[in-house]
Structures are given as C-alpha cells and as structure tokens.
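Undergrad: Chain residues, written in single-letter form:
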Amino acid sequence: MSLPRTTAAAGVALAGLALLATATSVTAQPPAPARFCEVYPDAPACAAGPADCATCHTSPPTLNAYGEDIADALLPGAERPLHEDEFMAGLADALAQVEGLDSDGDLVTNLEEIQAGTSPADAGSTPKPTACTDDLDDGWDLCGYDPGYAYKKVMLDFCGRSPTLLEREQFAAEDRPQAALHDALDACLDSEHWRGRGGRVWSLANAKIAPQQAVKSGVNPGPIPLADYDDDYAYFTWTQTGGRDARLVLTGQTFVTARMQGGATVYEEWDRTPAEDAALRGEDVAQMVEAPYRAGMLTHRWFLMSFTMFTGVPRTTAAQAYRAYLGHDIARLEGLEPVPDEPVDYDTKGVAAPDCAVCHSTLDPLTYPFSRYEGIGGGRARSYSYAPQRMEGFADVDGLGVVNTPEHGVLLGQTVSDLVEWAQVAANSRDFREATVGDYWALLLGEAPRATELSEYAELVDSFGDAHGYSVDAMLHDLIDTEAYGAP
Amino acid sequence: MPPDLRTRLLGALLPTLLLAGCATEVESPTESRIGRVQAKSGEVWGRDLGQGLGLEAWDLCQELGEVDCITDAHRITLGGVEPTVLGIDQPLDNAAVSAPIAVDRVATSACAERYRRDQAGPAVLFGPVLDGDVASYNARLMVSRALVERLLSRRANADEDAALVDLYDALKPLSTDLARDWSVGACVVVATSTEALFY
Chain U
1 MSLPRTTAAA
11 GVALAGLALL
21 ATATSVTAQP
31 PAPARFCEVY
41 PDAPACAAGP
51 ADCATCHTSP
61 PTLNAYGEDI
71 ADALLPGAER
81 PLHEDEFMAG
91 LADALAQVEG
101 LDSDGDLVTN
111 LEEIQAGTSP
121 ADAGSTPKPT
131 ACTDDLDDGW
141 DLCGYDPGYA
151 YKKVMLDFCG
161 RSPTLLEREQ
171 FAAEDRPQAA
181 LHDALDACLD
191 SEHWRGRGGR
201 VWSLANAKIA
211 PQQAVKSGVN
221 PGPIPLADYD
231 DDYAYFTWTQ
241 TGGRDARLVL
251 TGQTFVTARM
261 QGGATVYEEW
271 DRTPAEDAAL
281 RGEDVAQMVE
291 APYRAGMLTH
301 RWFLMSFTMF
311 TGVPRTTAAQ
321 AYRAYLGHDI
331 ARLEGLEPVP
341 DEPVDYDTKG
351 VAAPDCAVCH
361 STLDPLTYPF
371 SRYEGIGGGR
381 ARSYSYAPQR
391 MEGFADVDGL
401 GVVNTPEHGV
411 LLGQTVSDLV
421 EWAQVAANSR
431 DFREATVGDY
441 WALLLGEAPR
451 ATELSEYAEL
461 VDSFGDAHGY
471 SVDAMLHDLI
481 DTEAYGAP
Chain Y
1001 MPPDLRTRLL
1011 GALLPTLLLA
1021 GCATEVESPT
1031 ESRIGRVQAK
1041 SGEVWGRDLG
1051 QGLGLEAWDL
1061 CQELGEVDCI
1071 TDAHRITLGG
1081 VEPTVLGIDQ
1091 PLDNAAVSAP
1101 IAVDRVATSA
1111 CAERYRRDQA
1121 GPAVLFGPVL
1131 DGDVASYNAR
1141 LMVSRALVER
1151 LLSRRANADE
1161 DAALVDLYDA
1171 LKPLSTDLAR
1181 DWSVGACVVV
1191 ATSTEALFY
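Chains U and Y, in that order, are what the protein sequence lines are.
The opening position of the first sequence corresponds to residue 1 in this note's numbering, with each subsequent residue numbered one higher.
The opening position of the second sequence corresponds to residue 1001 in this note's numbering, with each subsequent residue numbered one higher.
Take the hints with a grain of salt, since some may be wrong.
The following label-pair restraints were derived from C-beta to C-beta distances [said to hold, decoys possible]: (1) Ile1101(Y) <-> Arg382(U): 48 to 54 angstroms; (2) Ala448(U) <-> Thr1194(Y): 21 to 27 angstroms; (3) Ile1088(Y) <-> Pro406(U): 25 to 31 angstroms; (4) Gly198(U) <-> Thr1194(Y): 25 to 31 angstroms.
Facing chain U, according to a computed beta carbon distance under 10 angstroms, are these residues of chain Y, among others [claimed, not checked]: (5) Gly1052; (6) Ala1112; (7) Glu1113; (8) Arg1116; (9) Arg1117; (10) Ser1175.
Keep in mind the hints are simulated off the structure, nothing from the lab.
For each residue, glycine too, the CB sits at the ideal point set by N, CA and C.
In isolation and in its complexed conformation, chain U is listed as follows (with noise of 0.2 angstroms):
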C-alpha cells in the first residue's frame, strides 16, 4: 500500500498546529513557505520549492523581524492562537501589507528583499548591485563564473594545495580552460586528501557514523571494544568515490575494508557470511547480518551498536539514519509526515501523548523496519544480526505489546516491508538526493545553497538522480561548473 505522498511542507502541518495550540501568539504555520510562494512564485527563494523556514522564524516557532510585521498585520483584532484555515486565508494579504516596510532595518524594503533573493529578516543580507563592474587588475573577474578562481579551488578543495605561480600561469595560458579545468578535478578526485583516510570525503562520514574510540575494536581498539568503525568509514568512502553509485551507502551487501599501499588509501570490497568474518577478523569486529537482511551502513555492526544499543523499538536508530542519509533532523521538526493511526506505543513509552505524537506519528512507523536488528544486546537475538522473533526479548522490561511491533513501517508516506526495503525507498528518493548533493555542497562552499543558488542547486539534485547515475563524482564534475562555486 502506498500512502499519498504529501509536499514536505503541508507534511510538517500537523506538528505546526500542535505547536499553535500550546503558544500564546501566532507561530509555525508549516503550510506558510508553501502560501509565500504561491504569493512570490518569482522569488528566488522559492526557484526549489516551499521557502525556507527562516524566512519568517528564527527558529520555529520563535518569529524573525520579518515574522513579527506579519503576525503583526495578520488579521489584527482576531482571537489567538488563529486556526488554520484563518491563518491561510489571511496571509497573503498581511504578506502585502509589510511588502512596502524594512523589519531588518537596511533600507531595503521586503519586497525588494524577498525579489532579490535576500533575507528581509536580517540587515546583513541585501541585495548587491545589479550592475557588476570590474575595473581593478587584481586577477579575478567579479563579474562572473572565473576559471582561474574555479582552478585555484579545485585544487585546494580537492587536492588540499594552492596551485604553484607555475600551475596557475599554465592554467591561464589553456586555450579551453574548462576542460583543463575537469581534468585537474579528475586528478585531484584521486587524491588522498579527497578520497583517502582521513580526508574530506572520510570526514564527512563523521556525523553519520559518530565515531567513539572508546568502544573501537579492530585496529587501535578502545577500553570497552564492541564495534569497528574503520568499515563504516572505508565503506562510506567507497561508495562516494571512483564513480560508484551512491545509493550503495543504503542498499549495499557487501563492505570495504580501507589500508595503506604505498602511500595511498586502497579500498577493498568484500562480501563474508558472519561466521566466516567472525573467523577471519574475530569476533569483536564481525559483520552480523546475513547479506539478504543488509541495507548498506544502516545495518554495519558499529550503526547497530552505537545507536540501537538495548533498544527494542530503536527510535533513535531511525532518526539517525533519517537525519545522516536523508537530511531530515526530526529533533527540528524536519521531515515530518504523520501517518494515520500512528504512533501505537507498542513498547509504553507514552509516546501517544499528543505532544509526543507531533513527531513520533512520524518516527515510529519510521523505526518498526530496525525493530528486528539487534544492538549490542536485550532481545533473543545474537548482537548486532537481524532475527525476527528480536522482539519477544523485551516483553519484560517494555510490556507484552511490545511483541507485537510490527516490521514493516512506513517511509516518506510509503510502506515498506522491511528495512532491505526502507533503503530502497529512501535511497531512490529526492531527500536523499538533496542530502547527498547538499552534503557537498556544504563542504564546498561552506553553507547551505543561497536564494539566489537554489535553482542551479535544484538542477544539479535532479541530474545526481539522472544524469550523473548517482555518482558523486559526476555530480562534483557539475557543482564546479556552477557560478556559486566558481564566481569569486
């Protein structure tokens, strides 16, 4: 069965009202960046769907400058909290009764702000100058995309060096500098400061696998060793390198092992059962997971232990797997899509509860496909391999119902029958398309695309799933021909 998939922003209404009827003045309306756009569908802003929360709050539900003069001007007199419908049928005159003011206080109005892809909300952010200007012999051309600006960060991005006086009067001197431009990435692709241990690609598997050496057993293991991160690590590389298909970091059965040859990170792909791993390795590193119950580093053993631990319904498993692969941090009201009848509290959490429900009619059908793979230990299963009776072990610390979570859960509106199939779902949506191409994104150019970049931002997340076949690569090769990276 598949539910109707709601837009992300109409998905968050829920947790939005929940949030209006507990506050004593006009907050989150998740419907409103949909509405603003339906009011400015030419602004930059909204080139990538429903605009952004900060175009009104802080943080949600705490109003921006810009929030205030809305709520302010939206239907003034009227009781609070507004319901809904009030609200909708409201805003689009209230968004034009502040158009002609300055909340942010920079002698811009909001209207010119919210055209110019700048935030009305914030006296830092404003419009430049249309008409661009470059009169100055200093190198670059501020005008437009500068190959020789796009060169110089290729190479520091990717090789982790400036180019020499010799290398860049060489690049200067290239008849087609673009292509010139695309074979320096392609050599420094091969870098190990972009694809070795330790490098920039490594890295930014940091915040998805939440390393401990503490707990580390393999190489170098900590006091208590339970799990070997070194396989998350090599194999997240792995995925995002050589070309490979990405969506493998969720729907791969095999792992990766990364060591050293000559100065060089070699990467190693291997496929055990856990017995002969626990033979080869030892059994304090052994991949437990028989292959057809794998799904990528959702179910490596370092994801299992560090994250389920003893849980028997493994909320947290979820929703880190939600926030590191898909970009939605449930913790901020991302992602939410409340589904029918949900959450059951099977384990008597008190989840139900309507605060609890905002998020957890989201999180928990979210979570029922981990429910079967086992941390480092509380149900009837060997630790960290899937067992599907895992549950009958909690019955006595989370209560009788707890047996009857079910498997199959519910992903971006959609069921899924198990976790193989929660991968697969995640790993051929947009969300994860944008949290790829985002996760780059950020660690290029330092923060999260501009107004005014979301449309080449937008094209570059389509291609990723088209064009590019899911190669990060193939995606770099397209995000350095972007004015936001190659503009100085």
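Assemble the complex: chain U is given as a structure, and chain Y must be docked to it using the hints.
TA: Just chain Y now, kept in the frame of chain U:
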C-alpha cells in the same frame, strides 16, 4: 622560551602589526558580488606553507620538538576535527580566540626554519639577503617578490612590494639582526595574510 627565540618572535610580529596599520593606505579591492570566503583548514594552509617554503610538513612547527603544531597541538584551533575522542566532527563554527596566536606560532616557526636552512645553504628563498646585504633595496625586493610568488602563487603588486621592502625601515631601530628579523618578519606577514589563510 630561549631569549633568542623570544627576540625573533617579537621581531617577526612587529612588522605584521606595522603592515596592518598601513593596510588602509592600499586601494580597496573591488567588492565581490558573491562575498563567499572560507578559511583554509590548518592542514591545507600548512601544505601551502610547506609548498611555498620548501619544507616537509613535520619541519614547519613542533611544540616542544615533539608534537606537530598543525595535526596535533593546535589541530582544532586551526580548523581541524577530532571526532573519535573529542567528538568534534565539524570544524568550529567560529574561529577560536587562540587561532591568530596559533597561526602566528606556526608561521613564525616555519619562516624561521626556512631562514635557518638558507643560512646553512644552499638558500631556497632568502639568498639575495643572505648573500648580499639586507640594506640593499633590490635584495629585499627580490625576496619580497619570491615570498608572494611562493606563498600566494601570484606576482606581487607595487603596493605589496613597497610594504614588504619598507619593513626594513621600521625594524632598523629595533633589531640587532636585521637580515634575520626582516626575512622572517616579511615571511610571516605574507604567510599570515588574509589571502594566505582564506579562499
């Protein structure tokens, strides 16, 4: 700290301050429409420093002669991460208060090491000053231009030439070893410039 090193540090830092004071006299560059500037990580900045000065990574700077300044002692301060023990899996959002001190520490050490090696010969960078006379405008100009070319990968402009060469005049009443202090000082100025640290 040995008195010699302390003197050298002070001697090197002084021109940095002096150059900063002169900065307002230099024509402001055209403003970028994008305005996106990122700090180089300590690792990348150190690699540039090593590339420019002809030094291996380990030779740039060690604390107590044992701990690498960039990869260990000042790793987080210089924009690095340490996820496995400290749980710092992203560079700090804002530069640490001690970051300028760490930057000066590494640059001073690296520049002084280059000077020491050039003294022992064969000279890689400071030859014109060591072989000739630091009082020579042309000798200082050659070194100044080499510093910008090697550390910033571009040709120096006239303002930069003048600022670096004229450090000599500021140091003259203060220094007991003008060749050393001007060489190391000019090197630190370029190695810790905004252009060297950011991109």
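Undergrad: Now look at each hint and say whether the structure bears it out.
TA: Verification of the supplied hints:
no., hint, result
1, Ile1101(Y) <-> Arg382(U): 48 to 54 angstroms, "52 angstroms, holds"
2, Ala448(U) <-> Thr1194(Y): 21 to 27 angstroms, "24 angstroms, holds"
3, Ile1088(Y) <-> Pro406(U): 25 to 31 angstroms, "39 angstroms, violated"
4, Gly198(U) <-> Thr1194(Y): 25 to 31 angstroms, "28 angstroms, holds"
5, Gly1052, "8 angstroms, holds"
6, Ala1112, "22 angstroms, violated"
7, Glu1113, "19 angstroms, violated"
8, Arg1116, "23 angstroms, violated"
9, Arg1117, "20 angstroms, violated"
10, Ser1175, "30 angstroms, violated"
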